[in-house]
Amino acid sequence: ETGVTQTPRHLVMGMTNKKSLKCEQHLGHNAMYWYKQSAKKPLELMFVYNFKEQTENNSVPSRFSPECPNSSHLFLHLHTLQPEDSALYLCASSQGSGSTDTQYFGPGTRLTVL
Amino acid sequence: GDSVTQMEGPVTLSEEAFLTINCTYTATGYPSLFWYVQYPGEGLQLLLKATKADDKGSNKGFEATYRKETTSFHLEKGSVQVSDSAVYFCALSAASNTDKLIFGTGTRLQVFP
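Protein chains in written order, with the numbering used here: chain A, 3 to 116; chain B, 143 to 255.
Just so you know, the hints here were simulated from the structure itself, not pulled from any lab data. Treat the hints with care, since some could be wrong.
Straight-line alpha carbon distances no greater than 25 Å define the calculated DSS-like cross-link-like pairs of lysine-lysine that follow [as the list claims (entries may be wrong)]:
id : chain 1 : residue 1 : chain 2 : residue 2
1  : B       : 191       : A       : 42
2  : B       : 194       : B       : 242
3  : A       : 42        : A       : 54
4  : B       : 194       : A       : 42
5  : A       : 24        : B       : 198
6  : A       : 38        : B       : 191
7  : A       : 54        : A       : 43
8  : A       : 38        : B       : 242
9  : B       : 242       : A       : 54
10 : B       : 191       : A       : 20
11 : A       : 43        : B       : 242
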C-alpha cells in the first residue's frame, strides 16, 4: 500500500461514544498533520507532529486527543463530541515541516456525530 | 495574519473552455504557494506549487504563476475536460510559520460535455 491511508472512511457516533481515527503514511515522512474540513469553511489545521513530537495544537478542544506513536502512524481519539464536530477529518504527511515541503493527504474520514 | 482568498464557486464551464480560478494572498515575507485538487469522495492532491516570485507551477495542463507584485497565484487551464470537475484549493505556507498550510475556502469546478 502506498501514500497516506485513513481508517475508517466513514464513522457515525453518538455524543457519548469514544472512537479513534487512524492514519498511516508509507512515504517515509517525518511530519504528520490532522485537518478538519467543514462545509463552506477553509481547511482548519488541528495538530502537527514532527518526528513524533507535537509542534502545533491549533486551539483544539480537549475532546480531540491526538497520538503519534511513531513517524508512520497518527491517531485522533474522540470522546464526548458535539454535532458541530461532524466533518471530514483529513490526515497529511510531509518529509519535513519547511515552507517548501509538500503535504500529501489521505482520503479522509467522514465523521457524523448524532 | 496570513490568509488566502479564492473566488467563490461554483464555476461552470463547457468542455474545452478556458479556465481561470483567481487566488490572492496576504503574507509577510516570501511564502510558498500551492494548488490542491479534491475529487469527489477523495482527499486533497497536490496539483502544482511555486516557491518563489515569478515561478510557474504546472501539471496536467494546469498552470499558475507566482506574482508577488499582485500577491496572486491564479490557476489556469486552456481546455478543461469533464474529468477536471472537482474542488480546487489555493494554499500558502508562510516562511515564518512553516508548520502551517493556510487554505482558501475552495472553488468548485463543474465541467459539462
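Checked hints:
1. B:191 to A:42: 24 Å, holds
2. B:194 to B:242: Holds, at roughly 17 Å.
3. A:42 to A:54: 32 Å, violated
4. B:194 to A:42: Violated, at about 29 Å.
5. A:24 to B:198: Measuring from Cα to Cα gives roughly 36 Å; hence the hint is violated.
6. A:38 to B:191: Satisfied, since the Cα-Cα distance of roughly 22 Å is no more than 25 Å.
7. A:54 to A:43: With a Cα-Cα distance of about 29 Å, the restraint between residue 54 (chain A) and residue 43 (chain A) is violated, given a limit of 25 Å.
8. A:38 to B:242: The given pair, whose Cα atoms are some 13 Å apart, holds under the 25 Å limit.
9. B:242 to A:54: 17 Å, holds
10. B:191 to A:20: With Cα atoms ~39 Å apart, residue 191 (chain B) and residue 20 (chain A) exceed 25 Å; violated.
11. A:43 to B:242: 17 Å, holds
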